[in-house]
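Mind the numbering: the sequence shown is residues -27 to -1, 1 to 516 in mature numbering (1 follows the signal peptide of the UniProt record, and there is no 0), read in order.
Just so you know, the hints here were simulated from the structure itself, not pulled from any lab data.
Using N, Cα and C, we set each Cβ at its ideal position, and we do this for glycine too.
Restraint-style ranges between C-beta atoms, simulated for each label pair:
id : residue 1 : residue 2 : range
1  : P245      : H314      : 47 to 55 Å
2  : G192      : Q142      : 17 to 25 Å
3  : Q142      : G73       : 25 to 33 Å
4  : P190      : P245      : 54 to 62 Å
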Amino acid sequence: MWNRTRIRNCFPIVCLLLTLWTEVSESTGYFELQLISVANVNGELADGECCDGTRSSPGLRCARDECDTYLQICLKEFQMVVATGGSCTFGAGSTQVLGGNTFSFQSAKNSPNKIDEAGKVVIPFQFAWPRMYTLIVEAWDWDNTTRNVEEELLIERSVHTGMINPGDQWQTILHDGPVARLVYRIRVRCDNNYYSNKCNKLCVPRDDYFGHYRCEPSGAQVCLDGWMGSDCRTAICKQGCNLLHGGCSVPGECKCNYGWQGHFCDECVLYPGCVHGTCNIQWQCNCERNWGGLLCDKDLNYCGRHHPCVNGGTCMNTEPDEYRCACPRGYSGKTCQIADHACVSDPCANGGACSEVSTGFECQCPPGWEGPTCADDLDECASSPCAQGGTCVDLEDGFECVCPPQWEGKTCQIGKTCLRRLFLFLSVVCFSDSNSPPEVHLPGRELSESPRGHHCQCPAGFVGSHCEIQRNKCDGRPCQNGGQCHAVLDGFVCQCPPQFAGQLCEVSLVFRESHSIFLLWIRWRFYKLVVAFYFYSRMHFIV
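Go ahead and model the full structure; you've got the sequences and the hints to work with.
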């Protein structure tokens, strides 16, 4: 047969070497066959002979010495008409002696799906699995006494063709032959890191310099978090990182290229030494306004930035960091700092007097003006000179206070004039101003004036700042004998009962009735005269 001699001669050392070779050789997949059971009831060979070559006389059964059964496997391309001979193009394999006439590798009833690994044959392949195949499974008898190696010891042959895809599921095949019954199962599995239905797509999961990915069941590479690219070798940089000016070797960082800076590598680095400049690309020095030079350190507007010219000189920019002062008449020098007859140009305004000094000139300003050239109007109201709530009005040559009605003077510190007018009891008359009538309060006696205002000294019986409040002399009940008290300007008058008289009704008129009547008439006439004269005098003052 196709490899009977080779297989029979390999046991036990050669088969062990073949097994080790299949473990270390590189392949893309494995064809696996797992023997489940063998049933050779009569212990016969395929040619009808007994495995040990003898039969017992009763019933012509084979002797008790059973067959030494092992398997040979041949895997080849799909054939419509199977040729059992020839080369095993996809590979071949065999087992050791597995048992006698009848045996099984299936586990006990509690685990019917568990198969002993002793009857397993693995055929590796290193090509794209074609899915279509031809499988030849032969059961042989091993006989140590056999001398003729070409002697036929075949027990049963199973030929099967079909299609199978790589996977973990088994396909069970039942061969019920003329001599023995064979039950086995097969499957195709891709080698580690090989995928697809042909086991020809290599994908090795890795997380190192050569890639950062895992493998899907289809064999496609799926990048780990933070990586991208065909081989997942490109790190995903920090969000916002300018990839034109920076990059990263590990996920989440932003490492700037030479000449760029910033958290996102979007800031160019200036030319070394650049002072007043900016850049659009690295190593530039684009000068800001009014700056020049290679390093933007030359001031093009020295006049506007430093104002070097003094004494009214006009500054003109000439070269970077250079200027020229056009001095007014009477001045010279780099910054017009030298005074040459400075007063010739009459620099003092508003009537100021000019006097030459070593540094130029000085102006003595007239009242109401200030500043180096007397051009600034002096605010005399800034010091609040008006007192007593007066309003200050700034004038060119001074100020004026608008005083409240009861005050007068330059700064509203003098009270309005108060004059005395004699009217019987020397009444006091106070004038508020020349255009308003006088305020008359009776009977004032004395007057004192001061810069703070006026003060009236009131006679007995009157109080108040203008002696306008009269005290009630009747509060002490001075009238006697039932007389009624009446307050008058300078005291009080008692109205006595008919039988009494006197200032306090203290004189009895029982014996002097006629005399008393006369005295009462005189007193009454005098009182009317006083009142009439008072009103006449008041009307005279008003007019």
